[in-house]
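In case you want the letters, here they are:
There are 2 protein chains.
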Amino acid sequence: MPTQPILIAGSWRSANSSATFRAENPATKEPLPEEYPISTWADCEAALAAASQAAAEMRSLSGDKIAAFLDAFAAKIEGRKDDLVKLANLETALSVSPRLADGELPRTTNQLRQAAAAAKDGSWAAPTIDTKQNIRSILEPIGPVLVFGPNNFPFAFNSASGGDFAAAIAAGNPVIAKANTSHPGTTKLMAELAHAAAQETGLPPATVQLIYRTSHEDGERLVSDLRVGAIGYTGSRHAGLKLKAAADKTGRPFYAELSSVNPVVILPGALEEKFDDIATQFSSSCLMGTGQFCTNPGLVVLLAGPQTEKFIATLVEKFTAAPVGTLLSGGVGKSLEKGVASLTQAGAQILVGGKPGGGKGHSYANTLLRVSGAGFLKNPIALQAEAFGNESLLVVAESVEQAAHILSELEGNLTGCIYSHTQGADDPAYKLLAAVLRQKVGRLLNDKMPTGVAVSPAMNHGGPFPATGHPGFTAVGIPASLRRFAMLACYDGVRQSRLPAALQDKNPSGKLWRQVDGEWTTRDV
Amino acid sequence: MPTQPILIAGSWRSANSSATFRAENPATKEPLPEEYPISTWADCEAALAAASQAAAEMRSLSGDKIAAFLDAFAAKIEGRKDDLVKLANLETALSVSPRLADGELPRTTNQLRQAAAAAKDGSWAAPTIDTKQNIRSILEPIGPVLVFGPNNFPFAFNSASGGDFAAAIAAGNPVIAKANTSHPGTTKLMAELAHAAAQETGLPPATVQLIYRTSHEDGERLVSDLRVGAIGYTGSRHAGLKLKAAADKTGRPFYAELSSVNPVVILPGALEEKFDDIATQFSSSCLMGTGQFCTNPGLVVLLAGPQTEKFIATLVEKFTAAPVGTLLSGGVGKSLEKGVASLTQAGAQILVGGKPGGGKGHSYANTLLRVSGAGFLKNPIALQAEAFGNESLLVVAESVEQAAHILSELEGNLTGCIYSHTQGADDPAYKLLAAVLRQKVGRLLNDKMPTGVAVSPAMNHGGPFPATGHPGFTAVGIPASLRRFAMLACYDGVRQSRLPAALQDKNPSGKLWRQVDGEWTTRDV
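Residue numbers (our numbering), protein chains in the order written: chain A, 43 to 567; chain B, 43 to 567.
Derived from the structure by calculation, the hints contain no laboratory data. Take these hints with a grain of salt, some might be off.
The list cannot tell twin chains apart, which means a pair is met if one copy fits it or any two copies do.
Unchecked claim - Keeping only pairs whose Cα atoms sit at most 30 angstroms apart, straight-line, the calculated DSSO-like set for lysine-lysine is: (1) K482 x K316; (2) K473 x K402; (3) K174 x K473; (4) K420 x K291; (5) K107 x K473; (6) K473 x K162; (7) K316 x K123; (8) K380 x K174.
It should be emphasised that the depicted structure is a prediction, and the values quoted were computed from it without experimental measurement.
Please put together the full structure from these sequences, using the hints given.
Printed below as a string of structure tokens:
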């Protein structure tokens, strides 16, 4: 079988490769037949040159045109749903149904269509007009966007179809997709559909390009290249920080989603009221998708007492009884094993699980660990390291004050959640803990688990470092996620006919939201 | 005379200093009498601890309370206007009038009052409400902000009174001001007034803190400390990039304003129409404040021809005839000398000036250099290096295409400007050149010089790297400049009574602009 082609400058062609790799079926541990190339710098250079050209061309496209592409792509994904789901299942072992067919694929097309609507509407760019001084500004495309997709969402965060892709394109930028190495086939099929949609709707040939893998050195060179506008990265903290350092050196905005343990605090009043519900919610949130979510609840803070002991015993039962899922890859399994080992070395005790196996293919037993509040505070950095997968650490604090101390030792996280009594019994504790937690997380939840990440204009899938690279931006939620891939462009005394349509006196659609002299309005100037 | 005190945790006290320094009067080259301390890490540590405490307290303050502080501070500045102007003139040699008394001081109080209005109004934080899913988000304070002010604006960009200071405070953050070493006395007086205003209006004691100088090592440690929310830096590219690298390592947003040559393109039709006006505008823009503006026009692109030769001759006359101003410091003089030397080494020819002296105190002759378009393209990096001061490089291109090529070789800049014929004679050239220039600059101007930076909601005083550290943010223009010092905070399913007032169903002021289900409105939910 010939090595799979890459997509550069509108053509599927052979890579300039240094070597090849194959993906694996995680459920059988068997390598899949297709060979994919590891590109050399020549491929990266070609992609950058073509992307620069495409970026210049895309700047003059209307939002309608970009929207037509995104909509056409969504329709093509639906047209090839069965193939996509089958392939993604083969490469990731995520369930055909409900996960891939009923959950992730509709989420992906929904995101693309929301991005299309945002591109068409244009209000995401926050046009701002100062009529007295004739100064006007708007967000404009930032330039070619490199997308590094994660292993855990083969559709919805895929580098050629996911949230970063949709946001980058809707903001007017071409994308160079770097496939996640655990699902190159799914990514290739997505890129095929995207490229076909781009051709049909008249977008530049290099709107979407695809490479599979490079050396680490070429990866760092790529993210720091001055032709790159920005980078969207979701993946491991170690690799992400290396790429971020390279991008930072040349001032390339690096939007990273690196790691998060998503602390959940369960207060006594909540346990009293909704013991069973919370036990079920937590177990299902933690084990769903074999725990392989960015917002998996990996750290639970409880207050010491008999009710908490009973709750922990119930969780142990549930974790024991629940089927053990298949992990996304052997690498995830090894890293989970290592993560649990380092938690126990740091003083945590295994309550259940703690060993590989128990499921089909690559798997690891559903695992709960426990540590006292005092134990956590002895080694807070090691005990908050993410162990990605079906695992969680329960921290039993002696007091609300100790719980607050524990939260104050946390690094930045995507989410933080507090369960509390509905009639106010936990209110003083909530007040103290929420004040600490609020500053540590991008999204604060009440009385629900963090694993649902709604595609809402008010969503923040982001948070303080090291959860992400900048606490002001979100990777999910349209139109906010588009703003990552834009630069602020001001027009000072520029003649009316030379202004972008969105900044001319007449509101181009009559529906565009603009801030005119301090007021948001859809009226003409 | 005892060493001057620093302001830490609400007290003026002796520094833990390793050494002292004195400022200089640039007009006499005489050192000024006061001694200022170079702080050791102990002072930084104390400032960080106090700032963390203040940040936590400030989170619960209303916008009204913060506004009262900013307004009181502005009034105090006006009350001490004569002292401030006298001291700043002594330390910077900028003219008492019009510059300091009539220009910069009113600009500074105006900025503080605009920031107060923004804090009071609250709309800067872009409250966003999804009523269907009960997800709500808003920008909240990012944490203690370190401000490194530049040498060239002792009031309006002063670390204890300028644009970054006002934006950081209005967004709800305490400030640790690091004085510019060329005007420590002015900064100390500003910090005294700010601190008095903070005490009178009941803000936390460490709302404003002041240190003067640290070792480079401690500076890097300071910007990378995890207690720091963000950094605002305006200054030299070399020092800024070192600090940025330190901040990047721990994910601290580093908003830098580093360097900019602010290209100005003058097309033949414009010269034909407004030869004298443009010559006057350019000379005055370039020599005003002895050329020491971030937006000083340091690179002019002209098209070869007899009219251009005549224009250049006129500029030479004007630069020869204009008085030579005093530079801000001996350091600025040395760096200008070095900058001009490296431009000539790179192939530029001196038309006028090119040597130190000619004015009072530290000075350098008004200087124009020239290079051909082909010459520029041989060495574009060296020939676009900023030589901060009363200097500009004229690049004479052979054709519009060559001019476009020249612009395409530029790094990121704060501003870019094109002068063109008012009746359309230059339109094809404009179209080509503006498309290239737009992507290189934060603010694109037509038919006017870049040195005026209006405090407008639509202003962008920012731009692609290395002009700044991130192309999505502006350092001037309220409320946009506040958004640099904020994190996105999402509330998912959080009970109504626990939400910040701005996100509750009822619009707290009836005037707060919020995005509710995709519409901007001031109504209640």
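Identify every previously stated hint that the structure contradicts and give their numbers, smallest first. Result: hints 2, 7, 8 break, sorted rising.
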